[in-house]
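Using the sequences plus the hints, can you model the full thing?
The first sequence begins at 1 in our numbering and counts up one residue at a time.
Source of the hints: derived by calculation from the structure; they are not laboratory data.
We put the beta carbon where it would ideally sit given N, CA and C, even for glycine.
Be a bit skeptical, because a hint or two may be false.
As the list claims (entries may be wrong) - In silico DSBU-like pairs for lysine-lysine, Cα to Cα no more than 35 Å straight-line:
hint	residue 1	residue 2
1	K122	K727
2	K182	K122
3	K390	K723
4	K122	K522
Said to hold, decoys possible - With beta-carbon atoms standing in for the labels, derived distance ranges:
hint	residue 1	residue 2	range
5	N639	R93	19 to 29 Å
6	S327	H241	52 to 62 Å
7	N358	Y161	51 to 61 Å
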Amino acid sequence: MNTLNESQYNAVMYNSGPSLVIAGAGSGKTRVLTYKVAQLIREGYAPNSILVLTFTNKAAKEMKSRITEMVDPRMARYVAMGTFHSQFSRILRDEHEYIGLTRDFTVYDTTDSKSLIKSIVKQMGLDEKLYTTNVVSGRISAAKNRLITPDNYGDKEGVTYDVLHRIPKVKDIFREYVERCKIANAIDFDDMLLLIYKLFVQHPEVLEKYQERFQFILIDEYQDTNLAQYKIIKLLADKHHRVCVVGDDSQSIYSFRGADINNILQFQSNYPEAKLFKLEKNYRSTENIVKAANSLIKRNSHRIPKTLYSDNGDGHLIKVYNPENESEEADVVVRQINRINRDENVSYNNFAVLYRTNSQSRVFEKKLRESRIPYAIYGSLSFYQRKSVKDMLAYLRLVVNPKDDESYLRAIKTPSKGIGDTTLERLRNAALERGVSLLEATDDLEGTEIKAAAGKRLIAFTEGIRKLRAGMSELSLIDLTKRILDFSGLMQYYSADNQDNDDALDNIDGLIKNITDYVEEKGKNDEIPTLSSFLSDAALQTDADKEEDVNTEKVSIMTVHASKGLEFDYVFIVGAEEELFPSPRCVADDEIEEERRLMYVAITRAAKRCFILYTNKRTRFGKDIYPQRSRFISEIDDNYLEMGNSFIERNRPTHISTSSYNKPTYSNPNPSLHKLVKPSIGLGAMASSDATKVKVGDMIEHSHFGVGEVLELIDAPSGRQMKVNFKNQGIKLMILKFVKFKILS
DNA sequence: TCTAGCTCTGTTTTT
DNA sequence: CAGAGCTAGA
Numbered sequence: 001m002n003t004l005n006e007s008q009y010n011a012v013m014y015n016s017g018p019s020l021v022i023a024g025a026g027s028g029k030t031r032v033l034t035y036k037v038a039q040l041i042r043e044g045y046a047p048n049s050i051l052v053l054t055f056t057n058k059a060a061k062e063m064k065s066r067i068t069e070m071v072d073p074r075m076a077r078y079v080a081m082g083t084f085h086s087q088f089s090r091i092l093r094d095e096h097e098y099i100g101l102t103r104d105f106t107v108y109d110t111t112d113s114k115s116l117i118k119s120i121v122k123q124m125g126l127d128e129k130l131y132t133t134n135v136v137s138g139r140i141s142a143a144k145n146r147l148i149t150p151d152n153y154g155d156k157e158g159v160t161y162d163v164l165h166r167i168p169k170v171k172d173i174f175r176e177y178v179e180r181c182k183i184a185n186a187i188d189f190d191d192m193l194l195l196i197y198k199l200f201v202q203h204p205e206v207l208e209k210y211q212e213r214f215q216f217i218l219i220d221e222y223q224d225t226n227l228a229q230y231k232i233i234k235l236l237a238d239k240h241h242r243v244c245v246v247g248d249d250s251q252s253i254y255s256f257r258g259a260d261i262n263n264i265l266q267f268q269s270n271y272p273e274a275k276l277f278k279l280e281k282n283y284r285s286t287e288n289i290v291k292a293a294n295s296l297i298k299r300n301s302h303r304i305p306k307t308l309y310s311d312n313g314d315g316h317l318i319k320v321y322n323p324e325n326e327s328e329e330a331d332v333v334v335r336q337i338n339r340i341n342r343d344e345n346v347s348y349n350n351f352a353v354l355y356r357t358n359s360q361s362r363v364f365e366k367k368l369r370e371s372r373i374p375y376a377i378y379g380s381l382s383f384y385q386r387k388s389v390k391d392m393l394a395y396l397r398l399v400v401n402p403k404d405d406e407s408y409l410r411a412i413k414t415p416s417k418g419i420g421d422t423t424l425e426r427l428r429n430a431a432l433e434r435g436v437s438l439l440e441a442t443d444d445l446e447g448t449e450i451k452a453a454a455g456k457r458l459i460a461f462t463e464g465i466r467k468l469r470a471g472m473s474e475l476s477l478i479d480l481t482k483r484i485l486d487f488s489g490l491m492q493y494y495s496a497d498n499q500d501n502d503d504a505l506d507n508i509d510g511l512i513k514n515i516t517d518y519v520e521e522k523g524k525n526d527e528i529p530t531l532s533s534f535l536s537d538a539a540l541q542t543d544a545d546k547e548e549d550v551n552t553e554k555v556s557i558m559t560v561h562a563s564k565g566l567e568f569d570y571v572f573i574v575g576a577e578e579e580l581f582p583s584p585r586c587v588a589d590d591e592i593e594e595e596r597r598l599m600y601v602a603i604t605r606a607a608k609r610c611f612i613l614y615t616n617k618r619t620r621f622g623k624d625i626y627p628q629r630s631r632f633i634s635e636i637d638d639n640y641l642e643m644g645n646s647f648i649e650r651n652r653p654t655h656i657s658t659s660s661y662n663k664p665t666y667s668n669p670n671p672s673l674h675k676l677v678k679p680s681i682g683l684g685a686m687a688s689s690d691a692t693k694v695k696v697g698d699m700i701e702h703s704h705f706g707v708g709e710v711l712e713l714i715d716a717p718s719g720r721q722m723k724v725n726f727k728n729q730g731i732k733l734m735i736l737k738f739v740k741f742k743i744l745s
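The structure is reproduced here in structure tokens:
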């Protein structure tokens, strides 16, 4: 304990009530958390009664290994430590019968959930230009993060917003989405929070069990919690009030994902007896870096007052470079890395290049490769998101949960099995009519429009999956996996020459290896590895969590977001330009404040030296733009800045000088109003009351599909549906209450 | 039903 | 520029 400073010590020792630890960048936050867990164990708390929630698996893992060094490893092992999502999904599996799922439910990742939304939008015959997957999935996700279900969606501003944006049917899509997830025995990321909340509210006895179990709750990165997380913690801590949250309001950068900075700003009013601890001593950076960061962040108005300080000596000023274009920008970075690496004998591991958007990585990859500097990109496509891996996962998932429709669609299409869009649409219709999953729908193809040959193929596939499923209990996980891989035909498919993508086979090998490793690891702990448990872990794995290979030296390149929690001696912040950093999407004051916090995070990653770069010309969307330097550079006190030698502010020729030159000159004071007056695409006039009058044989006109004849009216679990034969679009099954059409005749 | 090749469009950050 | 969607032809 004598290695802690006074405020760290106080924060660690105070355990008799709720506490808020404001931990500035580099102030030893993880240290406080780990010591605190150790201290709690010393005070007599059983390890499994301590719940520690983090945002990344990596943070959890690191903390666990540090704790293992401090207390008996056999105790450390039982501390309930993990991400919100992993801890909560475990509870959901244990309590699955309360929420109407089987234990083997699937976790839909973002891709799955977006593809489901897309299919629903199509099914409802809505305009896909208006109801884009990104917009709709964003609306649904935001709703769930605020604990809103289809039943109470839009009581307040929700519907107004949707109406204003001409997407009033989001509520109906939401409802159908929830229904389809249920049929598929699947939940999405946001459900892990929402369903836990519902479980606790609707079943007080379950809540009480977990209140009793978790005697002490610790939360890392509290500034990034959303409403759902706040409410769940509030419930869990309601009995003992032993909750300690650690975070830094200045590093709240995830509001786009529902994080609410007010959770941390208002912690003390939410927990009136809470004690506040501030860790203001920065152990990471030089004084210049800390002061520069302070001078920037103090421009934000919504903050918990604090002043970070360092006693590591002044160090260098932050160096600002102004290369001509992005290629030169990468050159400057490469040159500096080479120079420092050579002259000061600094390992590549100590360098990081940070950018605002992923698309900026390309030039750096190219230049680093050309200069033979090893590098690693963080937070790129997760291993489990890669095409070939997802293909194989689809088969694995389907065996565990045959109702998983998204996996069904993927598996039946790759490799192709003579089943095309037409058959799948017919199968979907059959499934919708009966309220079952796609695979279940193949059990009875009578009365569907599916052609005999296609039907045979569907049935063969179903039988194959069922046979594999039967092997689940008998075979070892390894043997089962081999059999599934065999059945999938993916190896042959990807080894055929027609695939230009050589990585596919490697990736599948990688997945098999992950399973082998998983079996081994579980074996060590005397646990039985099952496919189901492997998949539920895999679903929560992200790229940032992968083992770090400390042996190979490499420069790290990543987004600023991905860099949170990391530190590097030398940091290059590139693309510090208006319309890029800050992002052009951020206009409101609080949005700009978040961008400023993002810049603050970027600067405070640096221990020894920080470089900021901006260019005069950049290619975006294939076109040249001429950016202005970021306002954030001018907001940093010049006392801590230095302009790079050969790149002193030059007088640029006026004809290309500013980005505003390229922008349209009109001003649009109210963007949402702008959207509002966009001309209607002509469906507004159609009466939805026709839905009650329609009968078989009617000719109808649909805004999107055109004219068609009503073939059949069907009463299905999700509501009355009609089957329409459209002149140009073929037969569609539509849910009556959602469809806007008029009866012709 | 499948594929190749064309056009169009939209691009922030991610547990 | 890349990915998605669409069309035509096998």
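**Item:** Hint check, failures only
**Value:** Failing hints, ascending: 4, 5 and 7.
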